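Peer 1: Both chains come to you apart, so use the hints to assemble them.
Residue numbers (this note's numbering), protein chains in the order written: chain A, 403 to 849; chain B, 31 to 290.
Simulated from the structure, these hints should not be mistaken for laboratory data. Computed from a predicted model, the values in this text were never measured in an experiment. Where a beta carbon is used, it is the ideal one built from N, C-alpha and C, also for glycine. A hint or two may mislead.
Said to hold, decoys possible - Derived coverage of chain B by chain A (criterion: at least 3 residues anywhere in the stretch with Cβ under 8 Å from a Cβ of chain A; other residues may be distant):
(1) 73-87
(2) 107-115
(3) 118-124
(4) 127-136
(5) 140-152
What the hints assert, rightly or not - Distance condition first, Cα-Cα at most 25 Å in a straight line; then the derived SDA-like pairs of lysine to any residue:
(6) B:Lys172 / A:Glu830
(7) A:Lys762 / B:Pro87
(8) A:Lys762 / B:Thr88
(9) B:Lys172 / A:Ala818
(10) B:Lys172 / A:Ala829
(11) B:Lys172 / A:Gly827
(12) B:Lys172 / A:Ile819
(13) B:Lys172 / A:Leu817
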Amino acid sequence: MSREDASIAARDHYLARHAAFVPTLGTESGVLASLRAEALAVIREHGLPNRRQEEWRYTNPAPIAAVPFELPASPGAVSREQVEALSFPVFACSLYVFVDGRFDAGLSAPAALSGEVRVESLAAMRAADPESAVDLVGSTVDPKSHPFAALNAAFLDDAAILRVPRGFDAPQPVHVVNVATARSAPTVIHPRLVIEAEPGARVHVIQDHVSLGTGPGFTNAVTEIRVRENAEVSLTLIQREDDARFHVSNLAVVQERDSRFGSHTLTFGGALVRNDATVRLLGEGADCTLDGLFVGSGRQVLDNHTLVDHAVPRCTSRELYKGILGGASRGVFRGRVIVRPDAQKTNALQSNANVLVGDKAEVDTKPQLEIWADDVKCSHGSSIGQLDAEALFYLRARGLAEEDARDLLTRAFALAILEGLPVPGLAEGLDGLLLDRLRRAHHEVSA
Amino acid sequence: MPEPKTILELRDVHARAGDAEILKGIDLTLRGGEVHAIMGPNGSGKSTLANVLAGRPTVEVTKGQVLFEGNDLTALAPEERARAGIFLAFQYPVEIPGVANMYFLKAALNALRSARGEDELDAIDFLSLAREKMNLVEMDEKLMSRSVNEGFSGGEKKRNEILQMAILEPRLAILDETDSGLDIDALRIVASGVNALRGPDRAMLVITHYQRLLDYIVPDYVHVLSEGRIVHSGGKELALELEKKGYGWLEVEPEPAAAQ
Numbered sequence: 403m404s405r406e407d408a409s410i411a412a413r414d415h416y417l418a419r420h421a422a423f424v425p426t427l428g429t430e431s432g433v434l435a436s437l438r439a440e441a442l443a444v445i446r447e448h449g450l451p452n453r454r455q456e457e458w459r460y461t462n463p464a465p466i467a468a469v470p471f472e473l474p475a476s477p478g479a480v481s482r483e484q485v486e487a488l489s490f491p492v493f494a495c496s497l498y499v500f501v502d503g504r505f506d507a508g509l510s511a512p513a514a515l516s517g518e519v520r521v522e523s524l525a526a527m528r529a530a531d532p533e534s535a536v537d538l539v540g541s542t543v544d545p546k547s548h549p550f551a552a553l554n555a556a557f558l559d560d561a562a563i564l565r566v567p568r569g570f571d572a573p574q575p576v577h578v579v580n581v582a583t584a585r586s587a588p589t590v591i592h593p594r595l596v597i598e599a600e601p602g603a604r605v606h607v608i609q610d611h612v613s614l615g616t617g618p619g620f621t622n623a624v625t626e627i628r629v630r631e632n633a634e635v636s637l638t639l640i641q642r643e644d645d646a647r648f649h650v651s652n653l654a655v656v657q658e659r660d661s662r663f664g665s666h667t668l669t670f671g672g673a674l675v676r677n678d679a680t681v682r683l684l685g686e687g688a689d690c691t692l693d694g695l696f697v698g699s700g701r702q703v704l705d706n707h708t709l710v711d712h713a714v715p716r717c718t719s720r721e722l723y724k725g726i727l728g729g730a731s732r733g734v735f736r737g738r739v740i741v742r743p744d745a746q747k748t749n750a751l752q753s754n755a756n757v758l759v760g761d762k763a764e765v766d767t768k769p770q771l772e773i774w775a776d777d778v779k780c781s782h783g784s785s786i787g788q789l790d791a792e793a794l795f796y797l798r799a800r801g802l803a804e805e806d807a808r809d810l811l812t813r814a815f816a817l818a819i820l821e822g823l824p825v826p827g828l829a830e831g832l833d834g835l836l837l838d839r840l841r842r843a844h845h846e847v848s849a
Numbered sequence: 031m032p033e034p035k036t037i038l039e040l041r042d043v044h045a046r047a048g049d050a051e052i053l054k055g056i057d058l059t060l061r062g063g064e065v066h067a068i069m070g071p072n073g074s075g076k077s078t079l080a081n082v083l084a085g086r087p088t089v090e091v092t093k094g095q096v097l098f099e100g101n102d103l104t105a106l107a108p109e110e111r112a113r114a115g116i117f118l119a120f121q122y123p124v125e126i127p128g129v130a131n132m133y134f135l136k137a138a139l140n141a142l143r144s145a146r147g148e149d150e151l152d153a154i155d156f157l158s159l160a161r162e163k164m165n166l167v168e169m170d171e172k173l174m175s176r177s178v179n180e181g182f183s184g185g186e187k188k189r190n191e192i193l194q195m196a197i198l199e200p201r202l203a204i205l206d207e208t209d210s211g212l213d214i215d216a217l218r219i220v221a222s223g224v225n226a227l228r229g230p231d232r233a234m235l236v237i238t239h240y241q242r243l244l245d246y247i248v249p250d251y252v253h254v255l256s257e258g259r260i261v262h263s264g265g266k267e268l269a270l271e272l273e274k275k276g277y278g279w280l281e282v283e284p285e286p287a288a289a290q
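Extracted from the complex, chain B is given alone in its bound form (with noise of 0.2 Å):
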C-alpha cells in the first residue's frame, strides 16, 4: 500500500500573539486519512495552533514552517487558506446579526467553488445540498433561515461549525474545543457528524482539553502541548492515562490562567 499523502506539516514553528511568544518549536505532520489530538492545560497554546493554522491576523509566525501539501502557508489570507481546503472549526462560533445563516453557507462554498474553478451553486442546487448535510449533524431547518448564529444555543453553534464542514469538504479540518461547553447529546451528535467526515483525503486535528470527547472521536495519535512545545505523543491510549493520571507526571506545569 502506498504512504498516505502528507496533507500538513509544520517545522519548527514558533508563534505569538501580540508581545507574548506562545508556541517555541512545534514539530508535527499529518497524513491523509488521519485524526490527531492536541491536548494539553490552559494556556499551552493549543488555540494558538489553531490559528496559526486558519491565519488569524493577531497570530504572528516568526520562525519555522507550516506547510500544506506542501506549499508554505505563513503568507497567505484567511480566505486563500480556506480555498486552498483548510478549515477552522472556531471554539467560539460568531453571531452576525443581519445575515442569514443559508446565505452565509452558500457565499462560503461558493468562494471556494469558484477558486477551484467550478461553477458556483444556484440557490436550488445549493438547498439540496444543506438538507443532506443538515441530517448529519441532526440541524433544524428554522436555524438556515435565522442570522449566522444569533440566539443559537451552545450546542447549535458547534453543530453549524460541523455542518459548514460538511458543506464545505475540506482536507485539513481544525476543531479548536469543539467539545467544550457541550452536553453529552450534543457531543454525541457533533461527534458522528465529525467521524462521518473522516476519510483517506482528508487529515484532521483536534484540539481538547476534556479526554471524553475522544471516546466518540478517537484519534490516530495524542499529543500533548505544554507551553508552547509538543512534550508527549502516543496512540489513542495515551488519552485515557491522562485521564487517569492527568498532565503531571509528564513534568507538565499548568501555566497560571492570565497567560491565556
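Same shape as in the complex, but just chain A (with noise of 0.2 Å):
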C-alpha cells in the first residue's frame, strides 16, 4: 500500500467508527455537536498527517496510521490496588482517574482541603446540563493546524474539566491520571483535559498518563489551558505509558494579562510519541516557562515541538527541554517562538540540550526564532554531546562502578529540570522511575 493510499484508508477507517459514535451520544448541545462536525470536515479533507507535512518531517506518523485502532467498547477493569501501586507515595494530592477516557468516580479521591477545586466529568456535567462546559471546550486549539487535536474533537465525549473560581489559589495540587488498559484488538483513546483559572487563581496540575497491561494502543490527548488576568497554572505532565503504546499530545494555553504559567513535559514512555505545546501570550505582562525532560531507549522516538507566540508586548518566555537518549532510541525537539510586531520588550529564552549515550542514537534539534519587533531580547541555544569522559573516570577512579557513574551524571544531567518541579516531593517520587530509565538508555540495543 503506498503513502497515500495508507493515509485514506486511516482517514476512511475514522469516519466508519465517527458513523458508528455519534448515535450513542444521545441529544446533544448545538455547540458540542458543530464542535466534532468541524473537527470532523478536517479529518475528511485534510485525513492525517503525513511525513511530507513541515510539522511532521522529523517523525513519521505513518506507523500511527497504519494500525487500525478501535474505540474501546467500555472502560477496561482496573481497581484501586493498581491505581494505588502507580501513585506516587509522596505527596498528598486531590486523585481523578480517568480510565480509556471515562472518568471513575470509584477510583477518584477528592482532597478534603481542595474546596472549591474539583475536576469535573463533561459526561456527567452534560447529562445534567447538555450546555455545561461549551464554552471552554476547543476553545483554544486549532484543529486545521493539529490534524490529531481534530480527531480528538471528532471523538468529544468525556472530558475532565477543571475551573478555579476567581482568586482561589489551591493548597494542594490536582492529579489527574489517565489509564489506557491493553486490550486484545489495539484501541485509541482520546484523553482531554480542560482547566481555566479564572483571575488571581492558582492551581498546581500533575497530568499523568500511564498504562495497564502491554501491547500497541493509542493514546490522543488535547490538553487546553485558559489561564485569567494575573492568575497562575502549573503543569507537569508525566508520560510513562507502555513502550508499545503511540502516544500524540497537544498543549494549547492561552495567557492573559499578567498571568503566569509553567509547565514540565517529562516523557519516558511510548514507541512513537508526539507532543505539541502551544502557548499565546495575549496579554501584557504574561510569563510563561515550558521545561521538558525526554529519556529514551530501545527504538523509542520521542518528538518535542513547542510554539511560543508573543502577541503582546512585555512577555516573558523561558524554555528548556533536555534530551537523553540511548540505544537506538531518536530524540526531536523543534521550538518555534513568533514575536510579533506589536510585542515590544519580549524576552525570550529558549535552550535545548541533549546528551546522547546510546551508539546508534540519534537527536534533531531545531531552534526557530521569527522576530517582528525589533526592542526584544531573545536567545536560543541547542547542544548535543556525550556523557563528559572526564568526569566518567573521575567518577571511577574514586571507585564508582561505571554503570553508577553513567547513571550519576545521566540524573545529574536531569536533575535541572527535575529540580524545577512545583510539587513538592515530585521529583523524589519520580526518581525510581527516572532511574528505570536512565538504566534502559544505556542498554546497547541489539541489531
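Peer 2: Pasting the structure below:
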C-alpha cells in the first residue's frame, strides 16, 4: 500500500468509526455537536498527517495511521490496588482517575482541603445540563493546524474539566491520571483535560499518562488551558505508558494579562511520542516557562514541538528541554518562537541540551525564532553531546562502577529539570522511574 | 626491624597515549611509609605515569608490569584499582554539575567499603567522619552541599582532592601536580593534610614540577623523569640541587611543549 493509500485508508477508517460513534451520544448541545462536525470536516479533508508536512518532517506518523485502532466499547477493568500501585507515595493531592478516557468516580479521591477546586467529568455535566462547559471546550486549539487534535475533537465524549474560581489558591495539587488499558485489539483513546484559572486563581496540576497491560494502543490527548488575568497554572505532564504504545499530546495554552504558566513535560514511555505545546501570550506582562525532559531507549521516538506566540508587549518566555537518548532511540526538539510586530519588550529564552548515551541514538534539534519587533531580547541555544569522559573517569577513579557513574551523570543532567518541579516531593517520587529509564537508555540495542 | 612491605613495583613499564610512546621503561619500587617525588620537565611523562597507575582508559601499557601489592594492575578497571586502595589526586579535578559533593564522597566511600565486605556508612556516620576530615584540610562545610568542584577556587579543588584521600584512606596515593596553581597558604594547608596521612602502611608518589612543594612534603626519594625514563634518583637533597642547577647538568633536554 502506498503512503497515500495508507493515509486514505486511515481516514476512511476513522470516518466509519465516527458514523458509528455519533448515535451513542444521545441528545447533544448544538455547540459540542458543531465542534465535532467541524473537526470531522478537517479529518475528511486532510486525513491524518504525513511526513511531507513541515510539522512532521522529523517524525514519521505513518505507523499510527497503519493500525486500525478501535474505540474501546467500555472502559477496561481497573482496581483500586492498581491505581494505588501507580500513584506516587510522597505527596498528598486530589486524585481523579480516567480509565480509557472515561471518568471513574470510584477510583477518584478528591482531597478534603481542595474546597471549591474539583475536576468534573464532562460526560456527567452534559447529562445534567447539555450546555455546561461548552464555552471552554475546544476554545484554545485550532483543529486545522493540529489534525490529531481534530481527531480528538471529532470523538469528544468525556473530558476532565477543572475550573479554579476567581482568587482561589488551590492548596493541594490536582492529580489527573489517565489510565489506558491494553486490549486484545488495539484501541485509541482521546483524553481531554480543560483547565480555566479565573482571575487571580492559582493551581498545580499533574497530568499523568499511564497504561495497564502491555501491547499496542494509541493515546491521543488534548489539554486546553486558559489562564485569566493575574492567574497562575503549573502543569506537570508525565508520560509513562507502555513502550509499545503511541502517544500524541496537544497542549494549547492561552494567557491573559500578567498571568503565569509553567509546564514540565516529562516523557519516558511510548514507542512513538509527539508532544505539541502551543502557548499564546495575549495579555501584556504574561510569563511562561516550558521545561521538558525526555529519556529514550530501545527504538523509541520522542518528539517535542513547542510554539510560543508573543502577540503583545512585555511578555516573558523561557524554555529548557533536555534529552537523554540511549540505544537506537531518536529525539526531536523543535522550538518555534514568534514575536509579533507589536510585541516590543519581549524577553524570550530557549535552550535545548541533549546527551546521546547510545551508539545508535540520534537527535534532531531545531530552534526557530521569528522576530518581527525590534526592541526585544531573544536568545536560543542547542547542544548535542556525550557523557563527559573526564567526569566518568573521575568518578570511576573514586571507586564507582562504570554503570553507576553513568547513572549518576545522566541523572545529574536530568536534575536541572526535575529540581524545578513545583510540587514538593514529586521529584523524589519520580526518581525510581527516572533511574529505571536511565538504565534502559544505557542498554545497547541488538541489531 | 622487618623490611616494610612493598606496595608498588614498576618493572620496565612502557606506555603510550594515543600514537605516542610516552613511557619508555620505568623501574620503580615504593614501600610502606615511603614518599617518592617524581620531578622532571614538561612532557617528560609525569602525568602519564600517574594515569598508568590510576587506569585512565586513554593510556595503554605496552610492555612491563605494574604490580600493586604483588598483583598486576594492568587489566583492572579504574574502579577496581580504587577499591584495591589506589588513589589519584587529579591535576585538574573535574567539575560535575548536579552531583552534590557530599553525595559523591559518600558514594565513593561506600563503593570501597562494600568491595571490602564492610557495611556501608549511613548519612549520619558519614557526616561525622567527613567533618573530622574536613578539619584536616580546613575545608568550609558549605562546599559539601555544592556540586562536585563546581565553582570551587583552585585551592578549594585541591583541598577537596586531599579530603577525598583522607576519607578513602588509600594504601597508594598519587598526587599529580597537586601544587600547581596554588598560592603559598593553600599549598601549606594541602601539604599539612598530606603529611597527616603519612603512615607506615601507605606509600605516596608526589609528582611535581616545582621543588617548592617538597619543602612542605619532604620526600624520602626523588626521581628525575626525562623522555619517559628515570634518569636520576637520590634523596631529598636532590630536589634542592635541581632547584639550584636546573635539569641541565643531568643532560636532560626539555622537550618542546607540543610533545605534552
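Peer 1: Evaluate each hint against the coordinates.
Peer 2: Do the hints match the structure? See the list:
no., hint, verdict
1, 73-87, "holds (count 4)"
2, 107-115, "holds (count 6)"
3, 118-124, "holds (count 4)"
4, 127-136, "holds (count 4)"
5, 140-152, "holds (count 3)"
6, B:Lys172 / A:Glu830, "holds, 23 Å"
7, A:Lys762 / B:Pro87, "holds, 22 Å"
8, A:Lys762 / B:Thr88, "holds, 23 Å"
9, B:Lys172 / A:Ala818, "holds, 20 Å"
10, B:Lys172 / A:Ala829, "holds, 24 Å"
11, B:Lys172 / A:Gly827, "holds, 24 Å"
12, B:Lys172 / A:Ile819, "holds, 24 Å"
13, B:Lys172 / A:Leu817, "holds, 20 Å"
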